[in-house]
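**Student:** Use the sequences and the hints to build the structure in full.
Protein chains in written order, with numbering that gives the first Met the number 0: chain A, 0 to 506; chain B, 0 to 88; chain C, 0 to 130; chain D, 0 to 117; chain E, 0 to 166; chain F, 0 to 930.
These aren't lab readings, by the way, just hints derived from the structure by calculation. Please read these numbers as outputs of a predicted model, since none were measured by experiment. Every residue gets a Cβ at the ideal spot worked out from N, C-alpha and C, and that includes glycine. The hints are all genuine.
If you want the ones that stay clear, here's a sample from chain D, every Cβ over 12 Å from chain B, calculated:
no., residue
1, Leu-3
2, Gly-97
3, Asp-102
4, Ile-105
5, Pro-106
Computed footprint of chain A on chain F, listed as stretches where at least three residues anywhere in the stretch have a Cβ under 8 Å from a Cβ of chain A:
no., segment
6, 51-64
7, 159-167
8, 171-180
9, 734-740
10, 871-879
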Amino acid sequence: MSHLVILPFLLPIFGGLLLLLPPIQNSLSRQRIFAIFTSLLLILVSITLLHTSYSQGTQLYMLGNWQPPFGIALVADPLAALLVLLTSILGFAAILFACSGDDETGMYYHTLILLLISGVNGAFLTGDLFNLFVCFEILLIASYALLVHGGGKHKTQASLHYVILNLVGSSIFLIALGILYGMLGTLNIADMANKLHLLSEDDQLLVKVAGLLLLVVFGLKSAMLPLHFWLPRTYASASAPIAAMFAIMTKVGIYSIFRVHTVIFGENAGELANIAQYWLWPIAILTLFAGAVGALASSNLRLLTANMILISVGTLLVGAAIATEQAAGAAFYYLLHTTFVSAAMFLIADLVSRQRGKAEDRFVQARQMKQRDLLAGLFFVAAVAMVGMPPLSGFIGKALLLQSADTGAAMGWSWSAILLAGLAAIIALSRAGTTLFWRVSSIHDEGETVPRAKLIAIILLLSCSPLMVIFAGPITAITTAAAAVLFDPALSVDALLPTLTHNPGGY
Amino acid sequence: MLSFTVILVSIMVVIALILNLWRLFAGPDLADRLLALDTMYINSIALIILLGIWLSSTLYFEAALLIAMLGFVSTAALCKYLLRGDIIE
Amino acid sequence: MNFVLELIVSIFLLIGGGFILVGSIGLMRLPDFMMRLHAPTKATTLGMGGLLIASMILFTLREPGHISVHELLITIFLFITAPVSAHMMAKTALHQKLKMISRTRGQELLDPASQQLAPPQTTEKVESPKA
Amino acid sequence: MEMLFALCVGVLTTCGVFMILRSRTFPVVVGLTLLGYAVNLFLFSSGRLSINSAAIIGSTDAYGDPLPQALVLTAIVIGFAMTAFVVILAMRGRGDLGNDHVDGRIPDHSSLSDKERN
Amino acid sequence: MLAKPRFRWLPMPYHSMLLFVTWLLLNNTVAPGHLVLGAFLALGIPMLTSGLSQPQPALHKPIKTARYALMVLGDIVTANLEVARQVLGPLDQLHPALIAMPLDIEGDLPITLLASTVSLTPGTVSSEVSQCRKFLYIHALTMTDEAELIATIKERYEKPLMEIFSC
Amino acid sequence: MSLFWIPLLPALGVLAPLFSAKFGRTNCAFATAFAPALALLLMLFKAPAVFRGETLIATVEWVPALGMQLSFRLDGLAFLFALLILGIGLLIILYARYYLSSKDSMGKFYAYLMLFMTAMLGIVLSNNLIQLWMFWEMTSISSFLLISFWHNNTDGRKGARMALAVTGAGGLALLAGLILIGKIVGSYDLSIVLQSGDLIRGHSLYPVALVLVLLGAFTKSAQFPFHFWLPHAMAAPTPVSAYLHSATMVKAGIFLMARFYPALAGTELWVIIVTLTGLATLLLGAYTALFKHDLKGLLAYSTISHLGLITLLLGMGTELAAIAAIFHIINHATFKASLFMAAGIIDHETGTRDMRRLNGLWKFMPHTATLAMVAAASMAGVPLLNGFLSKEMFFAETLLQHTLGSLSWMIPVLATLAAVFSVAYSLRFIHDVFFNGEPVDLPKTPHEPPRYMKVPIEILVGLCLLVGLFPAFIVGGLLHSASLAVLGGEVPYYSLSIWHGFNLALVMSIVAMFLGVVIYHNRRKLFKFQSQFPETDAKLVFESVIQCIVRGSVRIQQFFENGSLQRYLFLLFVMVALFAAKPLLQLVTTTGDREQLPLNGVALVLAVILMFAAIATVIWHRQRYISLLTLSVVGLVVSVAFAYFSAPDLALTQLSVEVVTVILLMLALFFLPQQTPKESSPARVARDLGIAALIGGIFATLNYAIMTRSGVSISDFFIANSKPGGGGTNAVNVILVDFRGFDTFGEILVLGIAALGIFKLINRMKVSMPSGDLKGRNWTKDSHPMILRTVSQSLLPLALLVSAYIFLRGHNMPGGGFIAGLITAVAIILQYIAHGVDWIKPRLRINYQWAIAIGVLISAITGVGSWMFDKPFLTSWFDYFHLPWIGEFELASAIAFDLGVYITVVAATLLILANLGKLTTTHRPTVEEKR
Ligand code: NA
Ligand code: NA
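**Tutor:** Next up, the structure:
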C-alpha cells in the first residue's frame, strides 16, 4: 500500500523533530542543510502526490486502517495535492531565505517552519472536520511561535492580538463541531454531506448555525471583513521569511471555506444549499474595499504587501461567493499565484529594508540602495504580478475569475470591486516603487549585499509567476479538475465513503 | 436505605460546599478564600466518592485520588504565591 | 445486599458527611482565620475517613472475592498533605499578620513567628531550649 | 437536567466573553479559560447527557457516546497548550511593552500608570 | 543518623516497600502479575527519584511506628468529636492561643512528622517552625493551659517520634 | 507559424541590448535593431497576401480554461500598424543612439523599448481578445518604464505614475469590456467576434460593453477627459515621446476602435459617444497647444488634438470617414514623430524646450529647421503634404454627417475652428523657434546634431512629401487593405488625389490657413486673454486627488483599524451573534423529543456553585488572585460534572490540566500587575455584557436544542469495536490512541510546539517583578519552607507510582498517557515549588527539548511501524500472551504510542514551567529597595 498521501504531513514532522536532537541540533550549518534537504524532499513528494491524484484520481488514506467515517481519512484530491505542493515550495523558499541569517535571531526556526508546513499540509489533506481543527491548531501554534521569532515590541504586540483572536476562533470552531456532531453524528466531511438529508427541516437550522459559525472561523483565518484587522499588522511585523510563509495561512481559511461549504453546504444540500454565499457576497466586496483602502493608506512596503494579501483574500472570496465550478477553478489558480507573489514581496521588502538604513521600507526619501537595480527589478516583477498586469500570472487568475461571474448582479459587483481594487493596487504599488527606488537622498555604499540564498529564494518564488503563465494550460487543467472534484458529489462524497458494514446507532 | 443515606449525605456535602463558597466570596482575606478553596477540594473528593457509592462503580476512584493529590499542589502553590510571589524560583 | 451491611455503610457515611459539614460550618462560623484553619481538618480526617471506610466496606463486601482497599490511598494522601496545606496557610496568615480575635493569647508571638525567629525570652513559662 | 446544563454553558460563555472583552491581558486569559470550559461542556454534551454509562466496555449496560469525550480530551489538551502560550506571551508583552494592556499601550483616559498598580 | 543507601539498586528500601504496598493497594489485588509489576516499579521509581531526595534519618522502629500511627488515629477520633462540639457550640467559649513550643526533636523529617501530627489532631495547627528549628509555633483553637498543652504534645507525640528516629 | 516570429523577434530582442550594452553604443544600437529589422522584413514578405485582402492567422492553444489562445492575425489594419511600429521603431533606435547621453543606461533603454515594441505588435496582431488585452497592459507597463527612464527627475516619476494610473484604469475597464464581449459572443476569438457584430449590438449588455471598451480606448488615446496624462508623459526622453506618444501607443486606442469597428460601431450610441469625445478632444487639444511654451507640450496637445480628429472620424460611422481616419493615422505618425525628433534635437542642442527662450535657431541649424518646417507644415495641413490630404478628407466628411441632427452643421464649423488653431500652433512652432529674433540665455550654443541623428527625420519628412505628392502610389495599397479590415467587407470608392476640385472642404482649409495666420499674428492678445485663467496643472490636480484618496484611506483605515483588540473581538462576537441568530430565530421548537434526565438537588446546587463562581470571577476580575481562586472552583465543578455524566477520563484530564493552568496563571500573576485598573466606562461594560449575554444565550440555546434532540451517531461502532478491534475496554482511550490516534498525535505535536514556542518567548524575556504583595508587604524570606520540602520529596515516588498506574490501565480503564504525564509533571513541578530551580537543576538533568522530540518521535515511529505490515499509519496491533505464574497479559502498540504521549506531556509541561521559574532566580528587590 502506498503511504504517499501522509508523507507531506509526516516528513516535515520527522525533519523538524530530528532537528531538535543531536547530532543535527549541535550545529547551525547541519540544521540548515538538513532543513533544506527535508523541504526539497517534500517538494518531490508533493509533486508525486499531485501527479498521482491528478492522473489516478483522489487518493484516500485511511489512518489506523479504520474505514471512514469511523476513522480519520486523508483525502488527496487534486486540490489538496496542489495546495500541498504550494506549501512545500513556499516552505523551501522560507527555509532557504532564512539560511543566511534570519534563523539565528531566535530559536527553533527550522523546526517550527517544518512543523508549520506539516500543520498546513494536514489541514489541506484531511477529510475529517475535527482533524481539520487539530491541524489548524498545529499550524496556529507553530505560527504563534514563529511570529515572535526575532523578538521586538511590534512582534509581541501583533502576536498578542493574533493569538487571542485565534483562540476565540478555535472556541467557535469547537462549538460548530459540537453542533455538527450533535446533529449529524459524524465528523467526516463527506459523511456529513450525506447525513444532512436525513434531518428534519427544524434540525437543519441548527446545522445551518454550525455552517455559518464555521464561516466565521474560516473567515477569521482567511482575514475576511470584519475579521481582517489582525492581518496587516501581524504580517507586517513578522520576520520576512515567516511573513512569506504566512502567505499560505489565509489560504488555509479560504480552502476550508471551499472544502466545507462546497461539499457539505453545496448545491445538493437542499434547504442548506449555499448558506455561506448570502453572506459571502457583501463580505468579499467589503474585504476588497478594505484591502484597497489599506493598500492606499500603507506607509511601508510590508504593510502594503499585507494589504495586497487582503485584496487577494477578497478576490478569492468572490470566487467562493460565485460558487460555481468555474469560479472555484479560477480561484484556485489565483490562489497559487497570489501566494507565490505575496510571499516573494515580503522577502523583497526585507532586502529593501536592509539596504535603506533607518528608513527601512517606509515610503520616504532615503539613501540609495546598494543594489538598487537588482532590487528594483525584483520588485517590479513582483508588483506587476501582484496587481494582475500581464504578462505575469496575476492577469490570468483575475481574468479567469471575472469570466466566471455569470449573472448580471454577480458581474456588476465582482467586476467593479475586483477591478477597482486592482486600480488601487496599481496606484499604491507604483507610488511605492517610485518612492522606494527612485526618491534618493544620497548614495552610500553601506548596507549588506543580498546573500545568494536569499536571492535564490526570491527568484524561485517569482519565477513561479511567469511559469504559471507559460504553463497556464496544464495548470488551469489541474485547478479545473480540483474544482470539479469539489462540485461533484460522486467524487467528493460517494467515492470517499466505502460501503458501510456497520449500521449507525442512535441516541 | 443506602441510596437514601447517600442522597442525604450528598446533600450534607453539598451544603458544606455552599458554605465553602460563601467563605470564598466573603473572605475577608485572601488566605480565607484560599482556605475555602482548599476545603472545597476535599469536599469534592467526598462528593465523588459518594457518586461512586451511589452508582456502585469504582470508575470514579481515580478522580478522587487525583483531586487529593492535585488539590494539595494547587494549595501549596497558591500559598507560595502569597508568601513569595513567585512560586517557582 | 443485606441490611446489616447497608446499615454499617450508612453509619459510616453519616459520620463522614457529618464531619464534613461540621468542618464547613466551622469554616463559616469561626471568627478569625487561624481559628477557621482548624475546620478543614475535620473534613479531611474523620469526614473523609468515614466516607472512605464506607466505600471500602461496600465495595469489598458487595461481591465476594473482591477486595477494595484502594480508598486507603486517598486517606494516606490526605493525611500526608492536609497538615502541610494547613501549615502553609498558617504560615501565610502569620506572614501577612492577619488579625486574630482579641482574646487570642500569645499574640505577641506573631512578630517573631512571622519572621521565623525564636520567641522572645521574657516569658518564664517556656524553658530555654537546650543548646 | 439538560436545561440546567445548557444554562451553565450559557453563563460560562457569557462570563468568558465578557472577560475576553476586557482591556488587560490577565482578565482576557481568564476569559479564554472560562470560554474554554463552556466550549468543552458544549462539545461534550453533543454526545447527549447520560448517567452511569461510562464508555468502559463491560462496566454498564448502556454506554454514553465515547467520541465527544475523546474530542473534548483533545480540545482540553490543545486548549491548555494555547492558554500556556498566551499567558507567557502576555508576560512577554508586559516586559516588552511596559504594560499589560492588550493593545500594548494604555489609552489616555486611563488614570493609573502601570507602576502605581503594582 | 542519616541512612546511607545500602544497595545501588535499592536506594530507599522503605520507600520501595511503601511503593510496593501502594501498588497493590491501588490495584486492589495480590495477583502474581501485579506482584511482579509492583516490585519492578517499587525498585525502579526510587532509582529514578533518588537524585531528587535529600537523605533523611532512618526509621529504626517499625513496630513503634505502627503503634504511633494507631495512637494518632485514636486521638484524631476523640479530638474530632470534642472539637466538633466546640465548633457547633457557642463561640465565645473558645480561647484561641498562639504558642511557641520548644523542640527537642531534630531533623527535617522528624520535625515534619511532629508538625503534621499536631496539625492532624484537631484543635491545633502547627503554623511555623523557627529558622533555628528549635521552636514550633502552634495555634490552638482553644487552650486552657499552655504548659499542659506543650507537655501533652511533647509527651504524646514528640517522645515516640524521637524514639522512632532514635535521636 | 512564421507570423509568430513578428512579435517574437522583438521579444527576444529585449535581451540583445542588455547583453550588447558593454560593446559600445553603436554596436548596441545595431544589435537592438537587428530583431525588429528582421521582423519588418518578414512582414514585408507577407505584404502581397495582405494587399490581396487575405487575413493570415496562426494559432496555438494556451489556456483553454480562459478561452485564450496564442493567436496572431495579420490583416490590413494589423499590417499598417505593425509597419508603423516596426518602421518608426527602427528610426527611433537610430535616433536614440545619438540622443541618449553617455550617463544613460542605453542597454536598459533599448530593452524597455523592445519590450514596448513587442507589446505594441502584440496588440495589433492579436486574434484573441484576452491576448490583446495582455499586450495592451504590457504597453502600459513598458511605457511606465520608458516615461520614468530619468527617474531622478520628479516630473518623470510623477508623469509615469499618472500615465500608468490612467491607462491602467482604462485597461481594467477594457478587460471587463472584452470579457463581456466574449460572454456575449461565446468566444474570445477575434475572427468570430468581428463576424458577430449584429449579435453584439443587439445584446442588452452592448451599451455596457461599448462603454467599457471605449474607456480603454479613450484613456490610451488621451481623449478628453482623460487627455491630461499625455502632456506630463513628455518628461520622457524624446525618442519615447516620438515613438509612444505620437506614432504608436496613443494610437493603440485608435487601433482598438478601428479593430472593433465591425463589431461595435454603427449604432447611435457609438456615434454620439465617439463623435462628441473626438470633437471635444480635437478642439481642446488644438486650442491648448497654442499656449504651451514648452516645445514638447505644444506637440503633446497637438497630438491630443489629432487623436481627437481621428476619433471623431471613426465616430461618424460612415465608411469614408473610417478610411479618412486610417489615412490620418499614417500621416499623423509620420509628421508628428519627425516633429518630436526635431524637438528632441533642439532640446539636445540648446538645453531648453522653452519657446520663450528659443528664438532664431534657423541660423544655427538650418538643416534641422528645414525638416521641422516641412513636418510642421504637414501638421498644419498645407497642400502638397500628407497632412493636407487627410485633413481635406476629414473636412469633407464633417460636411456629410448628420450626427447631431439639426445641429450637425456645428461639426464642420468646429472642425474648421480646430484647424485654425492647428495652423496657428504650427506656425508658432516654426516661427517662434527658428525665427523671431535672437535666442535668450541658452545654456549651450546650438549647432547641427550629428549626421545620423537627422536621418530618421529626413526619412519621415520625405515620406510626408512623397505621400503628399503621390498618395495613391505610396499608400494606396496599404490604405485599401487596412480599410478592408476595418470595414469588414467592401471598401467604397474613394479618391486619393491631391486635387478634388474647388469644394467646400477646400474652402474650409483656406479659411483655416488664413485665420490661423491671423490668430498667430495677434497671439499676444490671445496669450494675455488666456493668462487671466489660472493654469491648472493636471499633474498637481491628479497628485492632489491621489493625495486626497490616500489621506481618505488613511483616515478610514485609522477609524476602523484603530489597533484595539477589544474592537476586533467585539466585531468577531457580533459576527457570531449575527450568523447564529438568524437561523435560530427561525427554529420552531427549541426542545426536542428526546427524553431528558431528571433534575436532582445535588446537580442543581453544583450548577449554582459553578455559575456563582463564574460570575464571581467576572465580578472580582480586577483582583486577580481572587478571580484565580474562583476560576479554580469553576474548574473543579466542571471536573465533577464530567465525572457525574459518565466521563471519568475527562474528569481526570480536566483536573490535572486545571492544576497546571492555575500554576501557570500564578506565575503570570507574579510577572503581571496583580490588579486590573478600572478602565471601562459603564457604557462599555453594558455593551460588553450585552454581547456576552447574547452569545451566552445563543450557545445555551444551541446546546439545549441539541441535547434534547435524538439523532444518529457513529458512536456504536466504537463501542462495538473497542475491544475486538482496538484491544481495550476503555472506548475513550481506544479512540484516542487508535480510532482517532491521528488527532492525538496532532495534539501532542501542538503541546510540543507550544512548549518550544514558550521557551523561545522566555528566552531573553524582560520581566518586571513586584517587590511586595498587594498591601506593600515584603515577601517572606523563607523561600522554600522546610515542611513543604520534606513532604513534597516523599510525595514524588508516590506520584510517579500513581502515574504508572494511570498510564498502564488507560487502555482498559479511565486513564492514559496524557493524564499520567500531567501527574508526573505536576509532581515534578511540586519539587520545583518546594526546592527551587537552583536545587533541582543539578539533580534533574533532563534535556526537555530532546525529550519532547523523542516523545513525539516515539508516537510517530509507532505509527510508522505499521508500514512494515503494509498497513496505514497508526494501524494498531495488540495480542494477548500467557506466561506461567503471571497469567495472561496484553501487549499493544497503543502502549508505545501512549508512551510517546506521556513523555511529550511531561517534557513539554516542564519545559514551560521550569524555565519560567528560572526567570527570577536572580536578585529580587524588596519593597524598601524599590523605593
Ligand atoms: Na521563579
Ligand atoms: Na521663441
